[in-house]
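Visitor: Residue numbers (the working numbering), protein chains in the order written: chain A, 38 to 120; chain B, 36 to 181.
Heads up, a few of these hints could be off.
Unchecked claim - Pair by pair, the computed Cβ-Cβ distance ranges are:
(1) B:T163 <-> A:H98: 25 to 35 Å
(2) B:A41 <-> A:R76: 34 to 44 Å
(3) A:L104 <-> B:R150: 17 to 27 Å
(4) A:E97 <-> B:M36: 17 to 27 Å
(5) A:V75 <-> B:D58: 50 to 60 Å
(6) B:T163 <-> A:N95: 26 to 36 Å
Simulated from the structure, these hints should not be mistaken for lab results. Glycine included, each C-beta is placed from N, C-alpha and C at the ideal position.
As a plain string of letters, each chain reads:
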Amino acid sequence: MKLLYFAWVRQKTGRGEETVPLPAGCSNLRDLASRLAVRSAGYADAFGDLRRLRAAINQEHADWDALIGEDDEIAFFPPVTGG
Amino acid sequence: MKTRIAIQCEPFDAAAEIAGLSDGAGAVATFTGFVRREGDLATLRLEHYPGMTEREIARHIGEAQARWPLLAATVVHRVGSLKPGEPIVFVGTAALHRREAFAACEFLMDYLKTRAPFWKEETRAGVTRWVDAKATDDHAAARWKQ
Numbered sequence: 038m039k040l041l042y043f044a045w046v047r048q049k050t051g052r053g054e055e056t057v058p059l060p061a062g063c064s065n066l067r068d069l070a071s072r073l074a075v076r077s078a079g080y081a082d083a084f085g086d087l088r089r090l091r092a093a094i095n096q097e098h099a100d101w102d103a104l105i106g107e108d109d110e111i112a113f114f115p116p117v118t119g120g
Numbered sequence: 036m037k038t039r040i041a042i043q044c045e046p047f048d049a050a051a052e053i054a055g056l057s058d059g060a061g062a063v064a065t066f067t068g069f070v071r072r073e074g075d076l077a078t079l080r081l082e083h084y085p086g087m088t089e090r091e092i093a094r095h096i097g098e099a100q101a102r103w104p105l106l107a108a109t110v111v112h113r114v115g116s117l118k119p120g121e122p123i124v125f126v127g128t129a130a131l132h133r134r135e136a137f138a139a140c141e142f143l144m145d146y147l148k149t150r151a152p153f154w155k156e157e158t159r160a161g162v163t164r165w166v167d168a169k170a171t172d173d174h175a176a177a178r179w180k181q
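Just chain B, same shape as in the assembly (with noise of 0.2 Å):
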């Protein structure tokens, strides 16, 4: 199976990163995040385990990859400081099927969210302060175990 994990502060490229995905399936499946335009929000800033994160991430994966037959997998993640409106995470996956896919992509993306190490501190009004985890990530997360 063809894997490609990237932390990086630079913007990604969505349609390159399906093109890397789309050979020999039948079926891509991405999830893109933006950081939401919220009121007052001016600025999210990233931080992560350099290390912790990519084999965390890679865990995740190959978790995936043994629930269903993909045949790729792309996680990249933003980290740095990033505006209302800009990309911050794309998850795609490839297999034959798009159940596989589909499937696959909702696991990364909940796994991603409540499992790898990554912060977001948030500046409000020249006020600055980390973002709280939420319950409903867990429990989105908990389906996968029932």
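The following block holds chain A by itself, in its conformation from the complex (with noise of 0.2 Å):
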């Protein structure tokens, strides 16, 4: 799958997009950021209180109970602050 991150979710992850594979037992938005969450400091500053976070599947955004698959495209990033 794809992962997308902006603003200071890609500065804390250090990256603004790499392709992992699926995690076993991740079904949705919820459990993928709780899988994130772990792999660093970094990972964890940006994925440990999901309250300040937002997300997308596919560019629409979603829920953290929204199910994932191996071919999504998933965006994380912070509430939008555009206009």
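Mind assembling these two chains? They're in different frames, but the hints should get you there.
Guide: What follows is the structure, encoded as structure tokens:
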């Protein structure tokens, strides 16, 4: 699956995108975020508090309970501040 | 309906955007946002999620079109590095009458603020930080759901 990170999520993880296999037993965005959170101190900082974070699946806003699959493009980012 | 969505680093020409909207319309409503001149704000930098940004804006325009009889809609949003006083966003809507044009313009702007994937980073006195989202913007967008 393709993972994208924006704004301070990108800075904390140290990368804008990466391709990873869907972790076993990982069915929704919340599962994925909790797996990512244990990868490093930076990832822990980015994914430690989901209330500060938003996500999209295949370029559409998604809730933490949304189901994910191997072919998805998943993005994590802070609440948006455009306009 | 005529739709134009542009995400660009360059400044935009509001007069040219209005000219592109006015064909056959009785009313064109526009909103232009500028980077506020606030104290020691030196630079505002915007990043976005290419692909999702355009899709999200197109979805909002579609929703506006379902609510009001629009003839045309334009959204231009700048990204990259901007200085205080520079124009940052343009939203224009065209309809036969002013009420629909005004309402759709405000609707699009409220949704742009809360749903389109843009992020602002500001630099003040040499210190750079990400701008926090505002609850007031969420409340403004939530009005349209009532």
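Visitor: Give a verdict on every hint.
Guide: Against the structure, the hints come out as follows:
Roughly 27 Å separates the CB atoms of B:T163 and A:H98, a value that falls within the hinted 25 to 35 Å. Distance hint for B:A41 and A:R76: a CB-CB separation of about 37 Å, consistent with the stated range 34 to 44 Å. Separated by about 21 Å at the C-beta atoms, A:L104 and B:R150 satisfy the suggested range of 17 to 27 Å. For A:E97 and B:M36, the Cβ-Cβ distance of about 22 Å falls inside the hinted range of 17 to 27 Å, so the restraint holds.
Judged by the Cβ atoms, the range 50 to 60 Å given for A:V75 and B:D58 holds: they are separated by roughly 57 Å. Remark: the range hint 26 to 36 Å for B:T163 to A:N95 is upheld by a beta-carbon distance near 31 Å.
When each numbered hint is compared with the structure, no violation occurs for any of them.
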